[in-house]
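J.: So the sequence shown is numbered by the working numbering: it starts at 465 and just counts up by one.
Check each hint, because a few of them may be wrong.
[As the list claims (entries may be wrong)] If you anchor each label on the Cβ, the simulated ranges turn out as follows:
1) N743 - R540: 55 to 61 Å
2) D797 - L741: 21 to 27 Å
3) D491 - S778: 55 to 61 Å
4) G629 - S544: 18 to 24 Å
5) V762 - L685: 53 to 59 Å
6) E542 - P645: 21 to 27 Å
7) P736 - W782: 20 to 26 Å
8) N652 - S778: 46 to 52 Å
9) G658 - R558: 35 to 41 Å
10) G588 - A550: 24 to 30 Å
11) R772 - S719: 33 to 39 Å
[Said to hold, decoys possible] Here are the simulated PhoX-like cross-link-like pairs (lysine-lysine), alpha carbons at most 25 Å apart as the crow flies:
12) K771 - K742
13) K749 - K759
14) K749 - K734
15) K745 - K771
16) K749 - K771
17) K734 - K745
18) K605 - K632
19) K539 - K510
20) K759 - K771
21) K632 - K654
In case anyone wonders, no lab produced these hints; they're calculated from the structure.
C-beta atoms are modelled at their ideal positions from N, C-alpha and C, and glycine is treated no differently.
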Amino acid sequence: MGRNTIIIAEAGVNHNGDLDNAFRLVDIAAEAGADFVKFQTFQASKLVTRSASKADYQKTDRSGNTDETQYAMLKRLELSLDDHLALMSHCRARGIAFLSTAFDLESLEWLAEMGISLAKIPSGELTNLLFLRRVAALFEKVVLSTGMATMQEVREAVSVLSAGGIRKENLVVLHCNTEYPTPMGDVNLKAMEGLRRELGVEVGYSDHTLGIEVPIAAVALGATVIEKHFTLDRTLPGPDHAASLEGDELKRMVSAIRNIEAALSGTGIKEPSASELKNIKIARKSIVALQFIAKGEVFSTENIGIKRPGNGISPMRWDEVIGRVAPRDFSEDELIEL
465 MGRNTIIIAE AGVNHNGDLD NAFRLVDIAA EAGADFVKFQ TFQASKLVTR SASKADYQKT
525 DRSGNTDETQ YAMLKRLELS LDDHLALMSH CRARGIAFLS TAFDLESLEW LAEMGISLAK
585 IPSGELTNLL FLRRVAALFE KVVLSTGMAT MQEVREAVSV LSAGGIRKEN LVVLHCNTEY
645 PTPMGDVNLK AMEGLRRELG VEVGYSDHTL GIEVPIAAVA LGATVIEKHF TLDRTLPGPD
705 HAASLEGDEL KRMVSAIRNI EAALSGTGIK EPSASELKNI KIARKSIVAL QFIAKGEVFS
765 TENIGIKRPG NGISPMRWDE VIGRVAPRDF SEDELIEL
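Model the full structure from these sequences, guided by the hints.
T.: Take a look at the structure:
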């Protein structure tokens, strides 16, 4: 979807249902240099039953609502269609692309009607046949997260999308682990390469670890899309804050990824770069006189040696020089000439 790594700053529901907080999250993502800021679009009544329990990480969200159902939690975090339109307008003003993940069919329709052509499929919908088919019908490009999935489940989801008209060049599959935060030992970053090899598509990484190291490593391994949660404050109550970056960390992650991209550019041929050519004579060495050598004297290990600078005879020609006769007088530390 572009030459550079696409960085999706995942605001998600970290606005806590407050539109002003959502605007501030847009500002932070824009200032950090992310390509997209992404929210979540859902209607609690269409997403979850009223009695569904929270995930373990959602039960320890500092809200104090230990007995709260998942439905009640999500109801507090909904954004209206008008909220979405306001956020899209604010994104446009800040020069960052708006994106949102839908979690139900009606929400997919909302996003399509807003003119969004890129669908981000969350891990939980990877096995939702009707959802996948509707994504393929409504959107041109797809980013698919694969948390909790087996390779066979991912193949099946990609097959549904392909049958619906999504071309492989318009699909990016993200390796992901759906535990917040993900233990480092469970990241299995090599699975990203397995997805690329098995599916023949571009791959990326949706990160739920603490810190910024793993997304940076993913870029070095060929990720074309990186997604990472961020927040106004990790100590806020809410399901995703604790496993999110704060603004300064997001900025450092974006900067590090751009540096890795620059480091990975080039021809792949081992040769001196333009910036280091000037250092060759300074850092390398030449064959020099260790003492005064008179014309006609034989070069030996006693009277010649190897020192900087490197603009004389290369030490690699030592065997060619040793035993030769000095063609003229040489003073101490003078570069040898033949």
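J.: Honestly, which of those hints from before does the structure not fit?
T.: 4
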